[in-house]
Amino acid sequence: MRFSLEKRDTPLVSGWSIVAMSVLAVLIGMALGGILFLPFEASPWEGYQSLIGNAFFSKRGFGYTLVTATPLMMVGFGTIVAWRCGFIFLGFEGCLLIGAMGGTMVGLGALEGGILSSTAPALVIAIALAWGATLGALWAGLVGELKIRFGGNEVLIALMMNFLAIYLVQYLVAGPWRVVGDMPQTERLPKDLWLPYIVSGTRLHAGFLVAIASGVVIWVVMAKSRAGFEMIASGLNPRSARYGGIQVAIRQRQAALIAGGLAGLAGAITIYGVHHRLLDGLSDGTGFVGIVTALLGRMSIPGTAIASVLYGGLSVGGDAMQRQTGLPSSIVLIVQASIVLLLLATEVLRTHRIVFSRKKKI
Amino acid sequence: MDIPELAFLTTWIAASVRLTGPLLLASLGELISERAGVLNVGIEGTILLGALAAYLGAIWSGSPWIGALAAAGIGILVNAFLAWMYVIVKASQVVVGIIFNVLAMGIASYAFRTIMGDVPRIQTAPMMPEISIPGLKELPLIGPALFGQSVMFYITILIALGTGWLMFRTRFGLNLRAVGEYPKAAAAAGINVVRMRIIAVLACGLGGGLAGAYFVLVQIGLFRDTIVQGRGFIALGIVILARWNPYLAILAAFGFASMDALALSLQLFDLPLPTQALVALPYLLTVLAVSGVFGRSRNPAALMIPYHADR
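Chain order of the listed sequences is X and L.
When the letters of the first sequence are read in order and numbered with my numbering, they come out as residues 2 to 363.
When the letters of the second sequence are read in order and numbered with my numbering, they come out as residues 3 to 313.
By construction, these hints were calculated from the structure, which means they are not laboratory data.
Don't take each hint at face value.
[As the list claims (entries may be wrong)] Pairs of lysine-lysine, DSSO-like flavour, derived with a Cα cap of 27 Å: (1) X:Lys192 to X:Lys60; (2) X:Lys8 to L:Lys186; (3) L:Lys92 to X:Lys8; (4) L:Lys92 to L:Lys186.
[What the hints assert, rightly or not] Across the chosen pairs, the derived CB separations fall in these ranges: (5) L:Leu268 to X:Pro122: 52 to 62 Å; (6) X:Glu113 to L:Leu141: 53 to 63 Å; (7) X:Ala21 to L:Leu268: 55 to 65 Å; (8) X:Lys60 to L:Asp312: 45 to 55 Å; (9) X:Val180 to L:Leu8: 18 to 28 Å; (10) X:Gly327 to L:Arg300: 45 to 55 Å; (11) X:Asp183 to L:Leu268: 15 to 25 Å.
Yeah, the Cβ is synthetic: ideal placement off N, Cα and C, and Gly gets one too.
Please put together the full structure from these sequences, using the hints given.
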């Protein structure tokens, strides 16, 4: 029996087909993961129960899930703005780091003897987040400028600039900003400079609200404003956008600044909400996974938010599962990646159908 | 030049050459793939799985050659999947690559733990033999660097020269470049674009897999799931810096490796220059090279653009 792909006359575009494909991908991915529990003499049921229970059905765990989802969401929103405008930006990892660095810079200035030491803590936090966002925006803006003015390839530039950010942070925490001790990290910020926890008994910090607010703002900009419309038009077809009187270069610059700003803000929030200090190893792929969640959310704001929570939840649940049951959390990586790959692969079923035939086609 | 300085330079160059090998192998694979129009960000994961296969193959069989063969096989196998996603499904190349790296990380650490148990015994893999040419090896500066390397290094250099010959001196290479520059015209000229791109991605798997084998069988002798540490992305940088040219890739890979080696040896001294600045330098050059500010280092025109025969 042979099978081949045959193009459908009209692609499936109904919401139901999308939902069906997504559910199918998730189920197959989970089933695949279930098999991976077996060598450890654990039932898939127990494994998933521990994973999902910890991630979504315990108060503390769900708090962690939302904390993990916060930067993913913001990077996802940034992805929506940049990619829909035709600016394929992969430098969020760098922007996150630069934002974290900027935020820390302000925080260190508020320590004893610093220029901000007499400033009210809330104001310091506000300045820190704004400065983080600004630096992130400039970092991405530089990539945008190189693409637009000099015709550089934004994908490759951004990928390489991520490493510049990694080494810059590494230098700062190992050199000038290093606190006495074994670890390459800065001094811990005093408690009054932490973002407040918004639900008692959890680590959920106010940065989550900032992420939600930024999602609302981006949604309004993209769906309701002229700027958003022109950005999307520039991304769909730059040439016709130009004919329509849209200044594509300006819109792409703006998209780069917004995307980088969101990621920079997310980086600063991670410092003030989670780590409370700058440290080596802060870059853990969030800037890349955020892009994936935007894609999973089909480039829509609510979809990206939901995808971020689900993806973050799986990561948090996986770690908890490993601690509780000794099952390796790497299973979760496999499940997450399989689901995304299956979603991408089943996309082909919407434009093609599988045809089984006994005879070889001539 | 006095004796300590000479000794320092000699060890530095030798260490740089040692670090060059895997970077060069990976970047040659990536280069072929990109020349055909496919940006394979998934090379990071390919290297990791290649390293795992090399380690397991070598300790099970007792022969590093079987290990290298296993790595090559696994590299090609996983890139067959990637090729399917890139070329047949035509999904976004960067997204597939990114998520494949997550998958590879999961598979590598899961498989390693499942096979080796909770607390893996530290078992060193048999290493590739070194070739040492007496007399020449004692030469100052370049002696140890050029005449006392692992056999894998010389194979790698041959592969690089072979890739260059293939790319610029054969019809296959011409077709490959045509597919990456203007697939429509290539198809009109009778070239099978889809097949060409699949072959290129498989070649990338071969390079990535062997690079993984290099880490294990020449440099470390062990496997850890953190073994690759972004070197797949370095390969992307090398390809850019080399302007998609296999011969220049030898120099570019050496450039990245020499900064790494210098940073390692300078940690012993107290220098005003931070080591991170050294390691970051090749990335900075890469950014400048691809920025378009200083002349054009143009990437293949159809890079990252899936080919639709009917559009």
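Status of each hint after checking the structure:
1. X:Lys192 to X:Lys60: Holds - the C-alpha atoms of lysine 60 of chain X and lysine 192 of chain X are around 23 Å apart, at most 27 Å.
2. X:Lys8 to L:Lys186: 20 Å, holds
3. L:Lys92 to X:Lys8: 14 Å, holds
4. L:Lys92 to L:Lys186: 16 Å, holds
5. L:Leu268 to X:Pro122: 52 to 62 Å: Taking Cβ atoms as reference, leucine 268 of chain L and proline 122 of chain X lie about 41 Å apart, which means the hint is violated.
6. X:Glu113 to L:Leu141: 53 to 63 Å: Cβ of glutamate 113 of chain X to Cβ of leucine 141 of chain L: about 59 Å, so the range 53 to 63 Å holds.
7. X:Ala21 to L:Leu268: 55 to 65 Å: 58 Å, holds
8. X:Lys60 to L:Asp312: 45 to 55 Å: The hint (45 to 55 Å, Cβ to Cβ) holds, given that lysine 60 of chain X and aspartate 312 of chain L are roughly 53 Å apart.
9. X:Val180 to L:Leu8: 18 to 28 Å: 40 Å, violated
10. X:Gly327 to L:Arg300: 45 to 55 Å: 52 Å, holds
11. X:Asp183 to L:Leu268: 15 to 25 Å: 21 Å, holds
The structure does not agree with the numbered hints 5, 9 stated previously, though it agrees with the rest.
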